[in-house]
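Got chain A sorted already, so can you dock chains B, C and D onto it with the hints?
Just so you know, the protein sequences line up as chains A, B, C and D, in that order. Sequence positions in the first sequence follow my numbering and run 1 to 242. Sequence positions in the second sequence follow my numbering and run 243 to 539. Sequence positions in the third sequence follow my numbering and run 540 to 860. Sequence positions in the fourth sequence follow my numbering and run 861 to 1165.
Incorrect hints may appear among the rest.
To be verified - PhoX-like cross-link-like pairs, simulated, lysine-lysine; straight-line CA separation at most 25 Å:
1) D/1109 / C/815
2) C/790 / C/815
3) B/404 / A/107
4) D/1109 / B/524
5) C/733 / C/721
6) A/110 / B/404
7) D/1022 / B/518
8) D/1140 / D/1032
9) C/691 / C/702
10) C/727 / C/691
11) B/524 / D/950
12) B/404 / D/1109
I should point out that these hints are in silico values taken from the structure, not numbers from a laboratory.
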Amino acid sequence: MAILRVDGLNAAYRKNRVLNDVTFSVEPGTLTGIVGPNGAGKSTLLKVMLDLHPKLSGDVSFFGSPHGKVKTRIGYVPQRGSVDWDFPTNALDVVMMGLYGQIGWFKWPKRSDKENALASLDQMGMADYADRQISQLSGGQQQRVFLARALVQNADLYFMDEPLAGVDAATEKAIMMTLKQLKEMGKTVMVVHHDLQTVEDYFDHVLLLNRTVVAHGPTDNIFTKDNVYRAYGGALRFMKEA
Amino acid sequence: MGYTAWILLTASLVGLCCGIIGTFLILRRMAMMADAISHTVLLGIVVAFLITRELSGIHMLIGSIIAGLLTAVLVQWFHSRGVQQDASIGVVFTTLFAIGVILIATQAGNAHLDVKHALMGEITFVPWNIVNVPFIGGVPEAVLMLVIVLAVTLVVILAFYKEWKLTSFDPALAASLGIPVVFMHYVFMSLVSVTTVASFDAVGAIMVVAMLITPAAAAYLWTDRLSVMLVLSGGFGILSAIAGYYIAVWLDTSISGSMAFATGLVFLFSFLCSPKHGVLAKAVRPHARHAADKEAA
Amino acid sequence: MLKRNLLGMKTTAMAGAIAVLLLVMTACGEGGGKENGSGKEDVIHIVTTIAQIAEPISVIGGEHVSVQSLMGPGVDPHLYNATQGDIRKLDGSDLVLYSGLHLEGNMTEVFEQIGKTRPVTGIAEAIPKDQLLHDENGAVDPHVWFDIDLWKQALSSAVEELKKLAPDNAGQFEANKNDYFKQLDELKTEGQTKLAEIDKDQRVLVTAHDAFGYFGRAYDVEVVGLQGLSTEAEIGLSDIDETIAILLEHKVPAVFIESSINPNSIKAVIQGAESKGLKVQLGGELYSDAMGDAGTPEGTYIGMYRHNIETIYNALKGKGE
Amino acid sequence: MTLLLSPNTQWVLLSTLILGMAAGMIGCLAYWKRQSLMSDALSHAALPGVVIAFALYGSKNLPLMILGAAISALAGAFFIGWIRSSSRIKEDTAMGMVLSVFFGLGIMLLTIVNRSAGGNQSGLDGFIFGQAASMVRSDVYTMLALGIIVMLVVFIAFKEWKLYLFDPDFAKGLGLSGRWMNAVYTFVLVLVIVIGIQAVGVILMAALLIIPSVSARYWTNSFKWMIVLSAVLGGGAGVIGTMLSAAGKGWPTGPFIVAASSAMFAVSLLFGAEKGLVVKAVQLRMQKKQLAESWTQHAAIEEAQ
Chain A
1 MAILRVDGLN AAYRKNRVLN DVTFSVEPGT LTGIVGPNGA GKSTLLKVML
51 DLHPKLSGDV SFFGSPHGKV KTRIGYVPQR GSVDWDFPTN ALDVVMMGLY
101 GQIGWFKWPK RSDKENALAS LDQMGMADYA DRQISQLSGG QQQRVFLARA
151 LVQNADLYFM DEPLAGVDAA TEKAIMMTLK QLKEMGKTVM VVHHDLQTVE
201 DYFDHVLLLN RTVVAHGPTD NIFTKDNVYR AYGGALRFMK EA
Chain B
243 MGYTAWILLT ASLVGLCCGI IGTFLILRRM AMMADAISHT VLLGIVVAFL
293 ITRELSGIHM LIGSIIAGLL TAVLVQWFHS RGVQQDASIG VVFTTLFAIG
343 VILIATQAGN AHLDVKHALM GEITFVPWNI VNVPFIGGVP EAVLMLVIVL
393 AVTLVVILAF YKEWKLTSFD PALAASLGIP VVFMHYVFMS LVSVTTVASF
443 DAVGAIMVVA MLITPAAAAY LWTDRLSVML VLSGGFGILS AIAGYYIAVW
493 LDTSISGSMA FATGLVFLFS FLCSPKHGVL AKAVRPHARH AADKEAA
Chain C
540 MLKRNLLGMK TTAMAGAIAV LLLVMTACGE GGGKENGSGK EDVIHIVTTI
590 AQIAEPISVI GGEHVSVQSL MGPGVDPHLY NATQGDIRKL DGSDLVLYSG
640 LHLEGNMTEV FEQIGKTRPV TGIAEAIPKD QLLHDENGAV DPHVWFDIDL
690 WKQALSSAVE ELKKLAPDNA GQFEANKNDY FKQLDELKTE GQTKLAEIDK
740 DQRVLVTAHD AFGYFGRAYD VEVVGLQGLS TEAEIGLSDI DETIAILLEH
790 KVPAVFIESS INPNSIKAVI QGAESKGLKV QLGGELYSDA MGDAGTPEGT
840 YIGMYRHNIE TIYNALKGKG E
Chain D
861 MTLLLSPNTQ WVLLSTLILG MAAGMIGCLA YWKRQSLMSD ALSHAALPGV
911 VIAFALYGSK NLPLMILGAA ISALAGAFFI GWIRSSSRIK EDTAMGMVLS
961 VFFGLGIMLL TIVNRSAGGN QSGLDGFIFG QAASMVRSDV YTMLALGIIV
1011 MLVVFIAFKE WKLYLFDPDF AKGLGLSGRW MNAVYTFVLV LVIVIGIQAV
1061 GVILMAALLI IPSVSARYWT NSFKWMIVLS AVLGGGAGVI GTMLSAAGKG
1111 WPTGPFIVAA SSAMFAVSLL FGAEKGLVVK AVQLRMQKKQ LAESWTQHAA
1161 IEEAQ
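Extracted from the complex, chain A is given alone in its bound form (with noise of 0.2 Å):
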């Protein structure tokens, strides 16, 4: 049964559409890599599933029902940069924000819920950066931290927008273990891609969007050149042999 079930979505950003008919659905455990051009639409797509962004026409279900109801089992990591890094807080108090969905109002966080969002942070490699600043820390760190935030959630179904663009090469692999671990404990995620030459190692499913779907599925049979092609319209010059 698909976690996730999208059916002519359509949306407009300012003056021009971003997505026109955007039909496609997910199985639980996959892990997606949401690739394309430029302005094809995909971190709109996100905003626009997680109910951040108007959408013209088309619904989006999750585990069947819609956003409202299940938004305790959806994770978001939104892209890096939109965050006051001067703010008064630490690496463990970003992560335990991940959780203040789940505390309710008026009650305050509990002792077991500072030991999951340590333990998520330890999952990142960034325990012994706790009580650090967030702006004290390098631009892997903070996207380490981010993510640890999504994953203390203990969320069914994930969405990353670009974690791993400017990360540096260490925090790239451990991120990526990280979502393979993920996958293995059944969870879905979809992440936001854009470095073509990693695809077919990182994600097993992928969703080739250029403001509509242009293929979707294993890696193995659609990442193709011709596919790939017509999602980016032939601006790619060479392309590793399918």
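The following block gives chains B, C and D in isolation, referenced to the frame of chain A:
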């Protein structure tokens, strides 16, 4: 309680209230909101005067709080329509102030109406207007109001502490977690309005801006923990209030003016010598700090 | 290895802030109470708000009174900033006299409070309401000291207060008051004769701030205030054009600025009239809310008043070319 | 309408037109440096300078006090810049602080001066602030000079301003010294503010610096057109506001100019070509309509097959 004690208590209450609210004010980049409210209050007073035709305190107070809220609502409405934060504050407060002046010039005839009279309290007079509270007896009206405002602020901040932190730090994530970001913004702005107007009565418009922003900015330079910053900001608020009072007594000058100046001194001291973010600290051992970063990367 | 848990830390921090506050309240319970005035036994210590009260009363009271005014010579009562020293003065006084009719705005509560431990009177409140100038929606013009008769009534209510405090000197107070009022009457007739010399058509007093209503009524002079009473109001172009129209119509030779108001608006009227062919001079500076420096003739009520009369007389006497 | 041609109206018309244009232009730079509220901050920061100038000179002398105001405002601007550049305090916080601490110092000095002997020190805090209606022929010339200076500064180094505002670090990379550009910008801004507040008052000056540039932002995405449009809107607001104030009985000129510029802002907010709300709503509806049509065609084709 002696005369001086009441003044010091009022000043400390203003320092504490404004310190706490000020912390979130500067973190949410709304510092100039306090200045905007201190201007739009004129419209609140003029409208209240035109309705009630007399200059009594209560009507002016209500008028000013409504004006403060109106400012907050309009700024948020413009901001959500894509206008930059400080530009929307600028547009709103100039327009509302202009409307106030137009009303005075055309409607209010030659009523002796000016902001300094109708609302601006002077802290030296605070101990004189007493109001009786059931158990405690005679308490200056300003103190009573400030204690209520302090209680409300503490309850609202502590009850939703983590939500305030998240909406100030990462509103996008807060929205995706289902926290009503816009609603909380309006709640916060009403707190700012009420605190600002309640403190007007004791220390005047511009001094409130000083008590709201400067202690919080000073605290910001000492710590990286929000909870510590809140406490420090309240503490600096009280410290500058008391220091301000004694400067005023020493120079025999306006107490509220000296309090504002005292907050400036507290900030200057923090700005120069705070171990973490002070200018001197950075100058003294720049290598040590960078080394720490290198090793961390 | 983590610090104490987040929750614990926060409550102790909050408790710290409350403790500091309590410390403040107890530490400084300095005794209030009335410090009694020093100096000779029977001298009455009087504190007034504006100098227009202080100076006449010190003349009438003679050596039986020592008078201090809160607002120094140049201070505008509308924008007065009280200090600790002022409060000590009020606290140490035997009698407080203020003008009233809302001139001193937010000090009215203070006077009620101090009034509990010593006599405090708003001397202008004694003037019968019908003799006061009201605007259409009932706001009272508080600048009563520009009408000598009204101010005499106010000063006599102040002198009554003095008599109550020092009954045995009452006769002398009455005598001094009558001498002083005689001078006031002479001043009034002098003003009437002088201003009568200027023909009716040209008796137009143009100032920035609308404080001379009573003066105009007393000497039958048409008063034009550009900005009205409130200091927050802004003038419009129509106000300036109308004023210039009046100047042209009456061929008024001069207009006046005041010590506490920005002179630009009056200069705009002068230049506007000039480019329409009427040479208007700047008639000099009038005292409106505040008086001159202490120790100078303008520092006394009579001196200030005479200065205003002379300035207006000299300026408006010459024919506007 | 002889009223319109009265000399005062002409002077005010010309002065507010030129001041509006100059403020509109420099306002754009302030908008992109997020310093739109600088004029309100500096007009409060000017008070200590005014009181000190008065205390030194002994009596009210307008030019000297305006000089005092300018020095005090420049000191304020310097502090804002210093605090922002060498600590993590943000722009608006620095402005709020300088504004209130300087004003507090001003009130302290004013109270001390009030008590000392010497005449007519009343009204000092409002003394140097002018009113739009009271502008005279000499003001027209000062505004003309100011307008020319601002035009020169903006248009001579137009590309540099655009680069510096958009991406200061990259500009530094190209050898464009940020410090020098910032100094020129701050000096011109303070010049416009100080001359503006003594002519038209604090609130009108703040409005002229903020509202035209924000309104222009709604009509164009190009920096060049934004400056031109902002100048036109600023000047236009000055003219319309002046006309209105001259027509009505007792209508204050300054606030009416602000009202005129706010009305222009409302129009831009709703109908601005680039980001206007109504325009966006229309776009949204059009896209939905296109979508509906493409569905029906789609369905028709399927049936035909």
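message: Holds or violated: residue 110 of chain A and residue 404 of chain B, Cα atoms, limit 25 Å.
response: 12 Å, holds
query: Is residue 790 of chain C close enough to residue 815 of chain C, meaning Cα to Cα at most 25 Å?
result: 12 Å, holds
Proposed proximity, residue 702 of chain C with residue 691 of chain C (alpha carbon, max 25 Å): Between residue 691 of chain C and residue 702 of chain C the Cα gap is close to 16 Å, so the pair holds against 25 Å.
message: Would the hint linking residue 733 of chain C and residue 721 of chain C be met if the CA-CA limit is 25 Å?
response: 18 Å, holds
message: Against the 25 Å threshold, does the CA-CA distance of residue 1140 of chain D and residue 1032 of chain D hold or violate the hint?
response: 37 Å, violated
message: Hint check: residue 1022 of chain D vs residue 518 of chain B, CA-CA at most 25 Å. Holds or violated?
response: 35 Å, violated
message: Checking one constraint from the list: CA of residue 524 of chain B to CA of residue 950 of chain D, max 25 Å. Satisfied?
response: 18 Å, holds
message: With the threshold set at 25 Å, check whether the alpha-carbon distance from residue 1109 of chain D to residue 524 of chain B stays at or below it.
response: With Cα atoms ~61 Å apart, residue 1109 of chain D and residue 524 of chain B exceed 25 Å; violated.
query: Would the pair residue 404 of chain B and residue 107 of chain A pass a check requiring their Cα atoms to be no farther apart than 25 Å?
result: Holds, at roughly 9 Å.
message: Next pair to validate is residue 1109 of chain D with residue 815 of chain C; report whether the Cα-Cα distance is within 25 Å.
response: 21 Å, holds
- request: Below or equal to 25 Å on CA atoms is what counts here, so check residue 404 of chain B against residue 1109 of chain D.
  value: 55 Å, violated
task: Would you mind confirming whether the straight-line C-alpha gap from residue 727 of chain C to residue 691 of chain C stays at or under 25 Å?
output: Measuring from Cα to Cα gives roughly 11 Å; hence the hint holds.
Of the hints listed earlier, those the structure fails to meet are numbers 4, 7, 8, 12, in rising order.
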